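Participant: What follows is each chain in one-letter form.
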Amino acid sequence: MKQLIQLTVNGELHEVRVEPWKTLLEVIRDDIGLTSPKEACSTGECSACTVLLNGKPVNSCLVLAVEAQSKDILTIEGLSQGSKLHPLQDAFIRHGAIQCGFCTPGMLLSAKALLDENPQPTEEEIREAISGNLCRCTGYNKIVEAILEVAQSQ
Amino acid sequence: MTQPLKPFGYFEPTTIEEAAQILSKYGTKAKVLAGGIDLVARMRRRLIQPQYVVSILNIPGLDYIQSDEAGLRFGALTAIRSIEFSPIIERDYAVLHEAASQIASVQVKTMGTAVGNLCVATPASDIASALYALAARLRITGSASEKIIPIEDFFVGVNKSVLEPGEIVTEVILPSPTLQTGGAFFKLVRTAADIAKVNVAVSLTVTDNRCGEARIALGSVAPTVIRATHAEEALKGSTLEPKVVEQAAQLAAQEAKPIADLRSTVEYRRGMVRVLVRRAVEKALTRARA
Ligand SMILES: Cc1cc2nc3c(=O)[nH]c(=O)nc-3n(C[C@H](O)[C@H](O)[C@H](O)COP(=O)(O)OP(=O)(O)OC[C@H]3O[C@@H](n4cnc5c(N)ncnc54)[C@H](O)[C@@H]3O)c2cc1C
Ligand code: FES
Ligand code: FES
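So the protein lines, in turn, are chains A and B.
Here the first sequence is numbered in this note's numbering, starting from 1 and rising by one per residue.
Here the second sequence is numbered in this note's numbering, starting from 1 and rising by one per residue.
Note that these hints are calculated values from the structure, not bench results.
Among the hints, a few may not be true.
Stated by the list, open to error - Computed list of lysine to any residue pairs in SDA-like fashion (alpha-carbon distance at most 20 Å, straight line):
{"id": "1", "chain 1": "A", "residue 1": "K22", "chain 2": "B", "residue 2": "D153"}
{"id": "2", "chain 1": "A", "residue 1": "K22", "chain 2": "B", "residue 2": "P4"}
{"id": "3", "chain 1": "A", "residue 1": "K71", "chain 2": "B", "residue 2": "G61"}
{"id": "4", "chain 1": "B", "residue 1": "K6", "chain 2": "A", "residue 2": "K71"}
{"id": "5", "chain 1": "B", "residue 1": "K29", "chain 2": "B", "residue 2": "K147"}
{"id": "6", "chain 1": "B", "residue 1": "K29", "chain 2": "B", "residue 2": "G142"}
{"id": "7", "chain 1": "B", "residue 1": "K29", "chain 2": "A", "residue 2": "M1"}
Quantities reported herein were computed from a predicted structural model and do not represent experimental measurements.
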């Protein structure tokens, strides 16, 4: 029943044999070994499992791995350049936009997708872009401030 | 509680005919997969357990938004996000633009298709209310037949549509807007990412200061989205003065048949139908006159 699929994850080509009922999240975590996308609700409500699929944010808990055949996937592991953090990562740290960190990979990817599409977003557009990413710790303001700072310094 | 998916047979047809054939062969044991937002979540909650999943994602030519003199069409794989960002839809079909814009989250709208949203057949669908107001029709393709039906004939009840095994909704068709059509969409939610307690979509035409056509759709207040036909009648032919608008809003509240659930009580929903219908008619009117 397994299907051979090719996934480009953070610029690296992976060939994996997957069963069609495996989610992209399971394959990224268990087969490819990248554990930044988190699983919490498994129903599209929290977006802790966000990855960028061809540059767009998706809930990987609801995507079948076979659907991602030949597509480009970005996880947070692919965001920094070696030890040099992405400006968003840097701003999140400086603004205290991270507490427990569970939501952070998804938050950063939603923010990156927004800035790629709209480099000068308003505060409202930032709030809309992360509206699906739930955070139980920060109260969101510091996250919004961090993203705004990066947008303004671009 | 959610659990890992149970094994299923998976098909990736590349034509609609092939998809329809597989679907009719397996009947109720098979389900169409589009964006998967609803299907995969329901399978993970063990609410449904299809033995076969038929992905339509590899069928070319189903992801488009096209407009001409006759109106506008979009396909089975057009994402809600594409509808939200379509300049033509924003300009000519404001009701649909507003409904799509108010759905959270970006992730859901990126994968989730508007047609998939309809096929779930929930009365809380914002897309369905907007499409009722716009007099949309759906193209339904089966292995041996094709038909086009008004959206109101599509829904039967909560999570029930007229789709027979083997049938696929392939296209949504909207009539062309006349110059003086105005529309508006309002919904009431607890948080941005929640589904509607009540939603209201209105579309009006105004000629010489009189209301011609009026369509008022109400979501989350009956087993399917419904039209408030008494309220529509009250508006038609009138000059839409505030007294008439308020009377229509009250009629709409009486036409709503809401239930009480964890989101709202019956009384509250009715009260909010009145408020939202009034606001939506006022906004649609301003737009029609602009
Ligand atoms: C967090 C969250 C918030 C949401 N908020 C809202 C909201 O505010 N308003 C709102 O209206 N909706 C909301 N939704 C619902 C969401 O818009 C729909 O679940 C989604 O659009 C479904 O589309 P899909 O392409 O993912 O469908 P799928 O999950 O792929 O399919 C859904 C169902 O339709 C069938 N199907 C799909 N396409 C076809 C076709 N072409 N022909 C025949 N059958 C088909 C499938 O077999 C399945 O039964 C929300 C969902 C989530 C998870
Ligand atoms: S785990 Fe995917 S949305 Fe919550
Ligand atoms: S930092 Fe803990 S959930 Fe956001």
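Participant: Hint by hint, note whether the structure agrees.
Facilitator: Here is how each hint holds up against the structure:
1. K22/A x D153/B: violated (36 Å)
2. K22/A x P4/B: Holds: K22/A and P4/B sit about 8 Å apart, inside 20 Å.
3. K71/A x G61/B: holds (19 Å)
4. K6/B x K71/A: violated (25 Å)
5. K29/B x K147/B: violated (23 Å)
6. K29/B x G142/B: Holds - the C-alpha atoms of G142/B and K29/B are around 16 Å apart, at most 20 Å.
7. K29/B x M1/A: holds (18 Å)
Violated hints for the displayed structure, listed by number in ascending order: 1, 4, 5.
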